[in-house]
Amino acid sequence: MSVITRGFSGRGRRGADLPPGQYLTEDFPVLSAGPTPKVDLDQWEFGVTTETGQRHRWSWPELLALPSETITVDLHCVTKWSKLGTTWRGVSIDTVLADVDSAADFVLAHSYGGYTTNLPLEDLVDGKAWVAYEYDGEALAPEHGGPARLLVPHLYLWKSAKWVREIQLLLEDQQGFWESLGYHNYGDPWREQRYWGD
Amino acid sequence: MTDVWVDGNELAGPLRELFDVDVTVARGRCVGCGREGMVAEAIVFDRAPGLVARCPGCNSVLLRMVRGPGRAWLDLRGVTCLEFALPDTP
Amino acid sequence: MARTAILGRLIWRVATVAEIREETDAARTLVLDVPEWPGHVAGQHVDVRLTAEDGYSTQRSFSIASAPDSSTLELMVQRIEDGEVSPYLAGVASPGDRFELRGPVGGYFTWQTADPAPVLLVAGGSGIVPLMCMIRTRAAESSRVPFRLVYSVRGPSAAVYATELARRVRDDKGLDVAYVYTRAVPDGWPRPPGRLDAVRLGEAGWPAQFEPSCYVCGPTGFVEAAADLLVAAGNAPERVKTERFGPSGG
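Residue numbers (our numbering), protein chains in the order written: chain L, 1 to 198; chain D, 1001 to 1090; chain E, 2001 to 2250.
Fair warning: there could be bad hints in the mix.
Unchecked claim - With beta-carbon atoms standing in for the labels, derived distance ranges: (1) L:59 with E:2189: 51 to 61 Å; (2) D:1083 with L:192: 54 to 64 Å; (3) L:190 with E:2035: 27 to 37 Å; (4) E:2202 with L:53: 36 to 46 Å.
To be verified - So, partial list: chain E residues that the calculated Cβ filter (under 10 Å) puts toward chain L: (5) 2010; (6) 2023; (7) 2052; (8) 2055; (9) 2056; (10) 2060; (11) 2080; (12) 2088; (13) 2112; (14) 2113; (15) 2115; (16) 2187; (17) 2189; (18) 2191; (19) 2192.
Unchecked claim - Among chain L residues calculated to face chain E with C-beta under 8 Å, some are: (20) 8; (21) 9; (22) 12; (23) 128; (24) 171; (25) 174.
Simulated from the structure, these hints should not be mistaken for lab results. We put the CB at the ideal spot given by N, CA and C, even for glycine.
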C-alpha cells in the first residue's frame, strides 16, 4: 500500500464525468515515443493503402482542399490525464475513404518517425475519426502531432497517431507499437481498457 | 523545438524491478546500425505510455518497457543481445 | 567494462523529511531519514514516488547528493522545475512529511575512490548534484585523487553549494572549481557571460593526455554539447560519462 504524501495532489482532479481512473487537466501534456519528426510540407504526404495494395495519396495542398470539419471533443490519455472540450479542424476519415474500395476490417496507422497503432476499420468511420491539422484554431504544432495527426477521440489517445502518414487497410489485425507491448488492443476509456486482458 | 529525452540511466530503477543485476551497465549492439554501447548511453523517451530507449546513432528503438498494475512488459528486439560482466564464483 | 553488481531486492522505502536547507532562491536540499538505507555509491540516484489521497501517483528521479557515510539522505530540488513532483518537494514539503523512494539505482554514472584516474566533473545547472556527491565522497574517504569541477550556471546566485565548494577547495586538498556564468557574472569577473566552450574547458579541465575520468551532468542540451567538447579535445568517448536530466533538471 503506497504511503500518501500530505499536501500532494497532482495537477489533475477527479471528475464525475470522466472515464474511470482519469484525472482532468487544463494543460496539454506532450507525450512521445521518439523525437518529433521534421517533415517538409513539400514532401509531406498522407496515404491510404488497401489490402490489395491500391494506393491513394494526398499532398498537403490536396489534403487542405478536402472538405473539413471543426469538432470539439474530449481527449483521454492512458497515462490518466483527460482534457475536455478540445477543438480541432480536420478531414473526416469518411471523406478520406470515400473512393476507397476495400473489404478490410482492420487498420494499421503509420506515422512519420515509425510509430504505429491499430484499430478496427469500423472505429474510424461514421464520423468517429479525422485527419486533424488544426488545434484550437491554429495550425497543429509539431509537438502535438503537426502537420497532421489521426484523431480518434472515443479511444485512448495513443490510437490518435501523431504525425500520421498512412492508413493501411488489412484483412487481419496487426498490433501497433504500444499494442504489442501490453497496451489493450482496442482501448475504450469508458471500459478502462488500458492493458492486455482488461 | 524542445524534444525531451534523457538517457539510459533513467532505466536503472524500472529495470531493477525486473532483474537482479544493473542492466544499465550491460552492453548491447543496435540491430539497426550495429553501434555498440551501454544501455546507460541510450537516448530514452520517458514521457510516454512506456519507456523507449533509442540508439544514439540511428534512433532505432533498442528496448521498450511498459509497467502496468501488477505486471510489466519488456521488448529487447532492438539489440542483438546484451552482454553482462559478472563476477566468477567458484 | 563496468562490472555488473548482483544486487539485493529493490523496494519502495518510506522517506521522512527531517530538515530543509534553502540553498539558493530556486533550490533547496531535502534532508531525509530513510530507515535501513542500504548505502550507495557516489553518482547513483533514487526514484521518488508521491501518492495523493485520491490515489493519483507520479514519479521522478533525483540524484543522491549526500556522501555514502552520511546518516541521512540528501536530495536537491529546484523550484522552477515543471512537472508535479518538484513543485511539491520544492514548495510544499515540510519536516515530517513522508513519501516513497526506491534506490539506490544506476551503476554507470558512478565514481569510487578505487579509480586512480584524475577526475573532471562538468556540471550544468542542477547537474551539480551527483557531482557534488562525488566531491563529498572523495572528502569523506580522504581520497587524494585530483578533482576538477567546471560548473556552468546562469549567474552567481544560481550556483548551488557555492559556499561549501569554496570551503572544500580550501580544505580538501586536490579539488579545483571553475565557474562558467552564462547570463550574469559577478562584479569584477574578467570575462563576459557565455556558454562553456573549448577554450574555457581547456583552461579549467584536465589535459586529455592525463586520461581523466570525465563526468558530465545537466540538461540534455548542455550534456551533449559538453560531451562533444570533451571528445573533440581528445578524451576517449568511453572516458566521458554522461547523465542527462530532463530540461528542468532532476
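Taking the hints in turn, this is what the structure says about them:
| no. | hint | result |
| --- | --- | --- |
| 1 | L:59 with E:2189: 51 to 61 Å | holds, 55 Å |
| 2 | D:1083 with L:192: 54 to 64 Å | violated, 40 Å |
| 3 | L:190 with E:2035: 27 to 37 Å | violated, 43 Å |
| 4 | E:2202 with L:53: 36 to 46 Å | violated, 59 Å |
| 5 | 2010 | violated, 16 Å |
| 6 | 2023 | violated, 21 Å |
| 7 | 2052 | holds, 5 Å |
| 8 | 2055 | holds, 8 Å |
| 9 | 2056 | holds, 5 Å |
| 10 | 2060 | violated, 12 Å |
| 11 | 2080 | violated, 16 Å |
| 12 | 2088 | holds, 5 Å |
| 13 | 2112 | violated, 32 Å |
| 14 | 2113 | violated, 35 Å |
| 15 | 2115 | violated, 34 Å |
| 16 | 2187 | violated, 40 Å |
| 17 | 2189 | violated, 37 Å |
| 18 | 2191 | violated, 35 Å |
| 19 | 2192 | violated, 33 Å |
| 20 | 8 | holds, 5 Å |
| 21 | 9 | holds, 5 Å |
| 22 | 12 | holds, 7 Å |
| 23 | 128 | violated, 30 Å |
| 24 | 171 | violated, 42 Å |
| 25 | 174 | violated, 32 Å |
Of the numbered hints listed earlier, those contradicted by the structure are 2, 3, 4, 5, 6, 10, 11, 13, 14, 15, 16, 17, 18, 19, 23, 24 and 25.
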